[in-house]
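The listed protein sequences derive, respectively, from chains A and B. The C-terminal residue of the first sequence carries number 357 in numbering that gives the first Met the number 0, and the numbering is unbroken. The C-terminal residue of the second sequence carries number 285 in numbering that gives the first Met the number 0, and the numbering is unbroken.
FYI, nobody ran anything at the bench for these hints, they're computed from the structure. Check the hints yourself; a few may be wrong.
One-sided excerpt, in silico: chain B residues whose CB lies under 10 Å from chain A [claimed, not checked]:
hint, residue
1, Ile177
2, Met180
3, Arg183
4, Ala185
5, Ala186
6, Cys188
7, Arg198
Derived contacts from chain A toward chain B, CB cut-off under 7 Å, selection only [claimed, not checked]:
hint, residue
8, Phe53
9, His74
10, Ile78
11, Met80
12, Thr86
13, Phe99
14, Val103
Take a look, some chain A residues computed to stay more than 10 Å from chain B by CB distance [claimed, not checked]:
hint, residue
15, Phe17
16, Ser39
17, Glu64
18, Val186
19, Gly265
20, Lys294
21, Ile324
Beta carbons: idealized from backbone N, C-alpha and C, even for Gly.
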Amino acid sequence: MTEPFLSIRKLRKAFGAFTAVRDVTLDIPKGEFLTFLGPSGSGKSTTLYAIAGFQDPTSGDVLLEGKSLLSVPSHKRNIGMVFQRYTLFPHLTVAENTAFPLRVRGRPEAEIKRKVADMLSLVRLESFAQRLPAALSGGQQQRVALARALAYDPPILLMDEPLSALDKKLREEIQAEIRRIHRETGVTILYVTHDQEEALHLSDRIALFHNGRIEQIGTGEDLYLRPATDFVAGFIGNSNFLAAEHLETAAGASTIRLADGSLISGIRANGSFQHGQKTRLMIRPEAFGLERKPKHAELSVDIVDVAFYGERRRIVARTRAGQEIDIRPTSSAVAASDASPGKRQVFFDPATAFLFPA
Amino acid sequence: MPVQAQQGIASPRTSAGLGGLAPALILIGLFFVVPVLALLLRSVTDPVAGLQNYAALLGDGTYARVFFNTFLVAFVVTIVTVLVAFPVAWMLAIMPPALASLLFSIIILSMWTNLLTRTYAWMVLLQRTGVINRALMSVGIIDQPLPLINNLTGVTIGMVYIMLPFMILPLVGTLRAIDPMTLRAAALCGASPFAAFLRILLPLSLPGIAAGGLMVFVMSLGYFVTPALLGGTSNMMLAEMIAQMIQSLLNWGLGSAAAFILLVVTMALYALQLRLVGNSRATGAA
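Construct all of the structure, not just a fragment, from the sequences and the given hints.
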């Protein structure tokens with residue numbers, strides 16, 4: 000078996016009685032873009048800080064190419080990092096900020112000059128070399144932070160919510176920049192964010208954190224189409240959860256009874272359930288249609304409100320059991336007149352729905 | 000930095016008309032400008048008109064030694080104060096706010112304690128048979144009492160103690176404004192703690208060091224009580240000399256001239272600091 004590039008082994012971090020990270024184990028191949036996604040307090044930043052050396056884990060290990068990093072102080076770990084706030088050195092110019100990691104390593108002047116020029120052209124800030132950070136916009140400062148973090152060719156780049164202080168337009172611009180830089184440099188990136196769109200857009204794989212554990216790790220598609228738990232289903236994308244009673248499962252297909260008494264069969268079983276067990280049925284808003292199709296299940300609802308969102312319509316409906324659900328068919332598939340408020344049937348493919356324990 | 004901020008606020012207000020400022024201007028004129036002018040006048044008219052007082056002060060070796068001594072003491076006190084105050088200020092800047100404000104009030108409390116009391120306390124501690132010498136001798140570190148009083152050492156110890164709060168307060172302000180993440184960033188960039196201190200923390204805290212340092216230096220230049228009690232006759236400072244000229248010799252002219260020279264030097268230093276700190280911040284070449 001080949002040694003994984005970066006390996007996190009049973010990492011645990013407790014702050015007094017509160018356990019922030021519980022036995023996180025993870026292997027990261029060289030060159031991967033891996034995102035730690037999760038709500039605040041889920042342990043994603045704590046895990047990143049343990050890799051950076053800002054926080055000693057309570058137990059567990061972090062291995063880079065088979066060697067433990069834990070006994071290595073931060074300044075000898077050779078890790079690049081971009082922070083949420085820009086943390087540029089305010090008294091140094093853009094060029095000197097970028098040169099800083101090389102200067103403290105005592106590299107020769109000619110090499111520093113060449114490398115700084117390379118880095119500033121990588122982040123497209125050549126003409127800003129002599130400016131002070133205070134004279135730059137937030138997005139430009141974050142690009143300088145990127146240049147500084149990459150200047151000494153670190154094998155790993157850590158990014159801690161680097162875009163959260165920027166407005167939406169700048170965020171998208173820097174996202175594209177980060178993707179390009181990842182492509183061009185091939186550096187292994189560990190990226191922390193609470194923004195699922197950012198995670199889906201940027202990452203090769205996403206590790207979804209919840210209560211200090213990795214709830215699921217996989218590609219964005221895995222997490223969206225094959226959520227392992229109801230937390231994953233609820234966190235990635237939009238979802239409706241309907242209260243349901245499990246009746247039976249045969250050949251991987253389950254039959255359930257919804258709160259309004261209707262029976263639905265052909266649900267993809269996601270684990271094993273007892274007869275009569277209380278469960279939750281997850282259906283994506285875009286999985287609903289207003290037209291009957293073969294093998295589709297139906298649901299009787301009261302349409303409460305319809306709004307036009309460009310490519311999709313957003314329909315708010317109430318089930319017979321009084322539960323509100325969110326339906327988002329494409330605008331071209333559903334005419335405005337079809338979706339007018341009132342009682343009607345909506346349809347979905349049971350194979351795209353997931354059953355989770357309540 | 001605080002100085003620059005004040006200038007920034009003051010300039011737009013001058014255009015609002017001077018009428019409303021009259022009471023303040025009269026106060027400043029009456030109690031600050033007039034006395035300084037009177038001092039200047041006295042120094043060039045007493046006992047007769049002319050610059051003989053200045054000639055005497057600047058030409059005489061004894062007086063020159065007092066000037067040299069004054070600057071030496073002020074310089075040494077400022078350096079030692081910075082060295083002692085920096086770690087204290089850093090600790091106050093990074094510790095939990097509740098604990099920091101407790102320690103702050105202890106420091107302020109020492110400022111409110113009577114100056115003479117504190118200086119006499121140092122006399123008790125520092126003299127030949129004082130607490131410090133006896134303690135060091137009883138544990139066998141020294142055989143002979145160290146000369147800790149009536150010399151530069153005594154003055155420095157006593158004055159550093161008194162000046163510390165004036166250095167710590169502006170320094171804490173400056174250090175608190177530094178984002179601690181900046182230092183983490185420096186560490187991940189490969190800077191050892193020492194390199195991060197030298198290349199990041201020190202340059203960023205320079206405005207606070209300059210502000211506190213100037214205050215300490217200027218206060219030390221004119222200090223009277225502590226040098227008089229803890230210093231020796233061989234290292235007399237300017238304030239003591241002025242007191243002697245006026246009280247014992249009743250030579251108002253010479254005393255005024257000495258005081259005026261001190262004022263001019265102080266103002267020159269202030270201007271120099273504005274220039275240096277101002278420049279280093281503007282170009283980022285600190």
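Against the structure, the hints:
Because the closest C-beta pair between Ile177 (chain B) and chain A is about 9 Å apart, less than 10 Å, the hint holds. The beta carbon of Met180 (chain B) comes within 5 Å of a beta carbon in chain A, closer than 10 Å, and the hint placing it at the interface holds. Given hint, Arg183 (chain B) at the interface with chain A, holds; its Cβ is 6 Å from that chain's nearest Cβ, closer than 10 Å. Annotation: Ala185 (chain B) was flagged as interfacial toward chain A, and the flag holds, the nearest CB pair being 7 Å apart, inside 10 Å.
Satisfaction of the interface hint for Ala186 (chain B) is found here, the shortest Cβ-Cβ separation to chain A being roughly 4 Å, below the 10 Å cut-off. At its closest, the beta carbon of Cys188 (chain B) sits 4 Å from a beta carbon of chain A; the interface hint therefore holds under the 10 Å criterion. With a least beta-carbon distance of about 7 Å to chain A, the hint placing Arg198 (chain B) at the interface is held under the 10 Å criterion. Interface hint status for Phe53 (chain A): upheld, as the beta-carbon distance to the closest one in chain B is roughly 6 Å, under 7 Å.
Proximity of His74 (chain A) to chain B holds as hinted, the smallest CB-CB distance being about 5 Å (cut-off 7 Å). About 6 Å separates the beta-carbon of Ile78 (chain A) from the nearest beta-carbon of chain B, less than 7 Å, and the hint is met. Contact between Met80 (chain A) and chain B, as hinted, is supported at the beta carbon level, the nearest pair being about 5 Å apart and thus within 7 Å. With a least beta-carbon distance of about 4 Å to chain B, the hint placing Thr86 (chain A) at the interface is held under the 7 Å criterion.
Given hint, Phe99 (chain A) at the interface with chain B, holds; its Cβ is 5 Å from that chain's nearest Cβ, closer than 7 Å. Because the smallest distance between the Cβ of Val103 (chain A) and any Cβ of chain B comes to about 4 Å, under 7 Å, the interface hint for this residue holds. For Phe17 (chain A), the shortest C-beta to C-beta distance to chain B comes to about 18 Å, beyond the 10 Å cut-off, and the non-interface label holds. Interface exclusion of Ser39 (chain A) from chain B stands, the closest Cβ pair being 17 Å apart, more than 10 Å.
Listed as outside the interface, Glu64 (chain A) is consistent with that label: its C-beta sits roughly 19 Å from the nearest C-beta of chain B, beyond the 10 Å cut-off. Separation of Val186 (chain A) from chain B is adequate, the least Cβ-Cβ distance of about 14 Å exceeding the 10 Å criterion. Every Cβ of chain B is farther than 10 Å from the Cβ of Gly265 (chain A); the closest lies at roughly 53 Å, confirming the non-interface assignment. Against chain B, the non-interface label of Lys294 (chain A) holds: every CB pair exceeds 10 Å, the least being about 55 Å.
With a least beta-carbon separation of about 43 Å from chain B, Ile324 (chain A) lies farther than 10 Å from that chain, consistent with its non-interface assignment.
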